[in-house]
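Student: Sequence:
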Amino acid sequence: MTQVKAGDKVRMHYTGTLEDGTTFDSSAGREPLEFTVGSGEIIPGLDNAVPGMVPGDTKKVTVPPTEAYGEHDPARAQTVPRDQIPDHIPTEVGTQLQLQTPDGQTVPVVVADVNEAEVTLDANHPLAGKALVFDVELVEIV
62 MTQVKAGDKV RMHYTGTLED GTTFDSSAGR EPLEFTVGSG EIIPGLDNAV
112 PGMVPGDTKK VTVPPTEAYG EHDPARAQTV PRDQIPDHIP TEVGTQLQLQ
162 TPDGQTVPVV VADVNEAEVT LDANHPLAGK ALVFDVELVE IV
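Start counting the sequence shown at 62; every next residue gets the next number (the working numbering).
The calculated label-pair distances, taken between Cβ atoms and stated as ranges, are:
#1 142 x 165: 20 to 28 Å
#2 66 x 145: 47 to 55 Å
#3 178 x 117: 54 to 62 Å
#4 132 x 112: 24 to 32 Å
#5 132 x 69: 29 to 37 Å
#6 92 x 159: 26 to 34 Å
Okay, derived cross-link-like pairs now, DSBU-like style, lysine-lysine, Cα gap no bigger than 35 Å in a straight line:
#7 191 x 121
#8 70 x 121
#9 70 x 120
#10 70 x 191
#11 66 x 191
#12 66 x 120
#13 191 x 120
#14 66 x 121
Keep in mind that the hints were calculated from the coordinates and are not lab data.
Heads up, the beta-carbon is just placed ideally off N, CA and C, and yes, glycines get one too.
Please model the complete structure; the sequences and the hints are all you need to start from.
Tutor: Pasting the structure below:
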């Protein structure tokens, strides 16, 4: 059987969990994920695990933060006075919002903390700083 190599388009099923077993994403009940190996379409740690697999192979891959969404960067969290946030903007912890930078770029943020006086907005990817565990099954080389 042909082994996967860089440049191949592949289809795979996967379940992504945190180290505590919490599932954060899965292709279960959906079409397999399709991507070109080595193209940067998926996180590097998972992309690097696929070469050498053949259709039907399964594998468990643990991806460190440096090969996924990076380490959590405290500089990407900002605390703003609560009275500077319009009343119609939700500020419950976990709420995803979008901010616009002075140059017009949109930045996704999550409300990380709220108290009487301040709201902390975090622009880190929600999975930054976390090791990710993937159970993968290579379905086919397209």
